[in-house]
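Trainee: Below are the chains, spelled out letter by letter.
2 protein chains.
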Amino acid sequence: MTDLLAATAELVGIPSLSHGEGALADLVEERLRDHDWLEVTRLGDNVVARTSLGRPQRLVLAGHLDTVPPNHNEEPKFEGDTLWGIGAADMKGGLAVMLDLAVATPSPSVDLTWCFYACEEVGRADSGLLELWRARPDLLAGDAAILGEPTGALVEAGCQGTLKVKISLRGVRAHTARPFTGRNAIHRLGPLLDAVAAWESRTVVLDGCTYAEQLQAVAVEGGVAGNVVPDAASVSVNFRYAPDRALADAEEYLRQVLRGSFCEDEGDAWLLIDGADSAPPSLGHPLLAALVDATGAAPRAKVGWTDVASFWEHGVPAANFGPGDPLLAHHPDERVTRAQLERARTVLAALIA
Amino acid sequence: MTDLLAATAELVGIPSLSHGEGALADLVEERLRDHDWLEVTRLGDNVVARTSLGRPQRLVLAGHLDTVPPNHNEEPKFEGDTLWGIGAADMKGGLAVMLDLAVATPSPSVDLTWCFYACEEVGRADSGLLELWRARPDLLAGDAAILGEPTGALVEAGCQGTLKVKISLRGVRAHTARPFTGRNAIHRLGPLLDAVAAWESRTVVLDGCTYAEQLQAVAVEGGVAGNVVPDAASVSVNFRYAPDRALADAEEYLRQVLRGSFCEDEGDAWLLIDGADSAPPSLGHPLLAALVDATGAAPRAKVGWTDVASFWEHGVPAANFGPGDPLLAHHPDERVTRAQLERARTVLAALIA
Chain A
1 MTDLLAATAE LVGIPSLSHG EGALADLVEE RLRDHDWLEV TRLGDNVVAR
51 TSLGRPQRLV LAGHLDTVPP NHNEEPKFEG DTLWGIGAAD MKGGLAVMLD
101 LAVATPSPSV DLTWCFYACE EVGRADSGLL ELWRARPDLL AGDAAILGEP
151 TGALVEAGCQ GTLKVKISLR GVRAHTARPF TGRNAIHRLG PLLDAVAAWE
201 SRTVVLDGCT YAEQLQAVAV EGGVAGNVVP DAASVSVNFR YAPDRALADA
251 EEYLRQVLRG SFCEDEGDAW LLIDGADSAP PSLGHPLLAA LVDATGAAPR
301 AKVGWTDVAS FWEHGVPAAN FGPGDPLLAH HPDERVTRAQ LERARTVLAA
351 LIA
Chain B
1 MTDLLAATAE LVGIPSLSHG EGALADLVEE RLRDHDWLEV TRLGDNVVAR
51 TSLGRPQRLV LAGHLDTVPP NHNEEPKFEG DTLWGIGAAD MKGGLAVMLD
101 LAVATPSPSV DLTWCFYACE EVGRADSGLL ELWRARPDLL AGDAAILGEP
151 TGALVEAGCQ GTLKVKISLR GVRAHTARPF TGRNAIHRLG PLLDAVAAWE
201 SRTVVLDGCT YAEQLQAVAV EGGVAGNVVP DAASVSVNFR YAPDRALADA
251 EEYLRQVLRG SFCEDEGDAW LLIDGADSAP PSLGHPLLAA LVDATGAAPR
301 AKVGWTDVAS FWEHGVPAAN FGPGDPLLAH HPDERVTRAQ LERARTVLAA
351 LIA
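From first to last, the protein sequence lines stand for chains A and B. The letter at position 125 of the first sequence is residue 125 when you use the numbering used here, and the numbering goes up by one with no holes. The letter at position 166 of the second sequence is residue 166 when you use the numbering used here, and the numbering goes up by one with no holes.
A portion of the hints provided could be inaccurate.
Claimed, not checked - Distance ranges between label pairs, derived from CB positions: (1) B:Asn71 - A:His19: 26 to 36 Å; (2) B:Asn71 - A:Arg255: 21 to 31 Å; (3) B:Leu272 - A:Leu206: 48 to 58 Å.
It is worth saying that the hints were derived from the structure and are not from the lab. Beta carbons: idealized from backbone N, C-alpha and C, even for Gly.
From just these sequences and the hints, can you work out the full model?
Mentor: Take a look at the structure:
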């Protein structure tokens, strides 16, 4: 059996910050080629490998190649049966399992589509999966999909939506020795940040899965010069909303939450930077129900946004399932264990055998 | 008589953002050369012209060539006898008056040193006046000094000190869908900015002049990526303090004001970026008393920092006197009137005639 921890470490060791997935896509393409049951297609830094065995159903297994910026964890590090490093959990462990199964399963029970794609960790407009949906939707067709995002090798159902808004506050420039002649836009950030931090998370239960919404400031900027009262400052916030809201509703709700801290009539601006819709749990589909059965454990809600929503948007029910603790995604202590990798492989192998 | 409004407009039309004063220094040098009562020295983009007539006293008249970044006011614009534009008040009006008097006063009552220097509007370390004090202190020697900063053609005595501190707040990175595993450093800016905004100005009366202290946030930054709880954020604040505090006392006071909003034991950092000491009123000096008399009006406190402090540090009592409303310095509506320019010229001419 493949050493999945070593295989994951190899992938961690190939930097693949969003927009820089070329080297990793090369490796994936090279590994999948020359297996006669797989037809491999590359589009940009996206690689898709499909069987065409005439099975009555087709299952898509998909995972993103990119990572967020490293945080002093570029180098893969082993400690016993644990691997530390950027992307170990999100989601090079999942990629290693997918690669291993793709080349080890010449005769699956359903037709399979293995999809490795770029630019998931950045704005939706750059998504490699969107690039595939636009250029080659035929490559992504299927009856159900599994996203190999880190879920602790349990099924995480559906996904929350996400939106990013940039709120720009206006002021009036002045000399800092005489600030009363101006208006400090950075000082105005205080109450806005307080409102974001004080917002109380809402939870919703759907199909027995609990979705917890989250609101976080993710960027702040402002300032002109060391002796100038600044006339502009901005904060960008990321809102993760439950599947019972649509994107437009979620944006309007957020606007109401923060309306006391900005005023468009005074020149402040509200700009939707990025948004992606949520997806409801779809565990009624036979392939996904079988996946839950194979895990032998109750499913949970996916609180992060994943491309489960992208598949759902195209009518393909999907769920998240992969090795790695989702709590460690984007965390400096990101890591994955051999046990999780092997468990994920065993569950998926049982499903597609 | 020179058209001082047109002369100021000519100077406004020559961009001289800090570190980019070359073209303006060229013009000043060219205008001052070829007058046999002036010895002109250029050092970098600083220009000094001195008389050596053996008078018992020497008065230094100094002004900075640079401006803060423009705010859609690069182009000089006239409306009747008012000139709008970056630097019109701070302090190209003063420079125009100085240039005019320098070439029109071959036989002053006191020896004169006309000093035009670079990089006043940025960090102290870059100051052209400091460059002169280090390389050619003989050029700046004098019994008293007048800084041509905008004062509304009244004497503004002494100056407040200024310091800039950057406070960096730590957090722990996490995925924004699961922020409870991290700590949002940008959210921590809220209470810190609130403390800065809520700080109450202190006023001090010295020699009948009222100094009002000011505290302003001048820069803010933070953020990693749109889906990452940020682990770092910072704010820079500018504190303008009265002449009864020294720099070190002022920094310690500010630290006490903000101590509830940051914690060095938790990895937060306090960094003094820039600081310049205050200067007390020095109106007892005969030349400065004569300046006050020539204005026929009561002196006021200078609440901004000026190089009055730099002269005071070298034992030269100094005061601020120049055309232009100090409230308009660094303001998008910066402007100067012909009446102010002519009044400033008349007062200075009476003093040095």
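Trainee: All hints, please: hold or fail.
Mentor: Do the hints match the structure? See the list:
no.: 1; hint: B:Asn71 - A:His19: 26 to 36 Å; verdict: holds, 35 Å
no.: 2; hint: B:Asn71 - A:Arg255: 21 to 31 Å; verdict: holds, 29 Å
no.: 3; hint: B:Leu272 - A:Leu206: 48 to 58 Å; verdict: holds, 53 Å
The structure is consistent with each of the numbered hints, conforming to all of them.
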